[in-house]
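**Student:** Spelled out from the first residue to the last, the chains are:
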Amino acid sequence: EAGVVQSPRYKIIEKKQPVAFWCNPISGHNTLYWYLQNLGQGPELLIRYENEEAVDDSQLPKDRFSAERLKGVDSTLKIQPAELGDSAVYLCASSLESGRGEQYFGPGTRLTVT
Amino acid sequence: GNSVTQMEGPVTLSEEAFLTINCTYTATGYPSLFWYVQYPGEGLQLLLKATKADDKGSNKGFEATYRKETTSFHLEKGSVQVSDSAVYFCALTSNAGKSTFGDGTTLTVKP
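Protein chains in written order, with our numbering: chain A, 1 to 114; chain B, 1 to 111.
Honestly, the hints are just simulated from the structure, not real lab data. The beta carbon of each residue, even a glycine, is placed where N, CA and C say it ideally should be.
Here are the simulated DSS-like pairs of lysine-lysine, each with C-alpha atoms no more than 30 Å apart in a straight line:
| id | chain 1 | residue 1 | chain 2 | residue 2 |
| --- | --- | --- | --- | --- |
| 1 | A | Lys11 | A | Lys62 |
| 2 | B | Lys77 | B | Lys52 |
| 3 | A | Lys11 | B | Lys98 |
| 4 | B | Lys77 | B | Lys56 |
| 5 | B | Lys98 | A | Lys62 |
| 6 | B | Lys98 | A | Lys78 |
| 7 | B | Lys110 | B | Lys77 |
| 8 | B | Lys60 | B | Lys110 |
| 9 | B | Lys98 | B | Lys77 |
| 10 | A | Lys11 | A | Lys71 |
| 11 | A | Lys71 | B | Lys98 |
| 12 | B | Lys77 | B | Lys60 |
Over 10 Å on every C-beta distance to chain B, these chain A residues come out as not near it, computed from the model:
| id | residue |
| --- | --- |
| 13 | Val19 |
| 14 | Lys62 |
| 15 | Phe65 |
| 16 | Ser87 |
Put together the whole structure using the sequences plus the hints.
**Tutor:** Okay, structure coming up:
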């Protein structure tokens, strides 16, 4: 089966510009996650969706970050405006259901803000 | 909140050496525990998991046992190969579905 697809793989933008990341989860996976991974650190959850509902967005910086998951399938994460400190890898993952199951990760989008 | 603490790296071993990467956690209730591996240029992928106390997860020669009494989930392999070179992440998922990851341990295996 196809894995989690993310695009773009790499993005370089200037600060104060907007940027968007797209994720297509594994077919049939109800739960979708967006993580931020800084160099040398583990993934940190930004937002978790159950179908179309954002059930955990407590770590999402809502002043500049937004996300949506239309129709409970694909998802988009947006940053506007980007800051230098947003440079990181943005990971998308999906799982069959929330709770105790394993997550399947995409390859990530490496964002560089100059 | 929940937390995961991993053995700091990097770890460098010769081929066929024994590997241990320590992982301890803090969590309420009974979380599920995971080891994920990230090869260069790729996303994280599940290596093994355990969902209750005393469970042993195993895959590709790697093993880890869920120790509730010591809140640990140490990763072991009896004989590492060059192809095992990667970054290893210990993680937990709480009963509420919230996941917490360690900072990763970089393993380099030399021939």
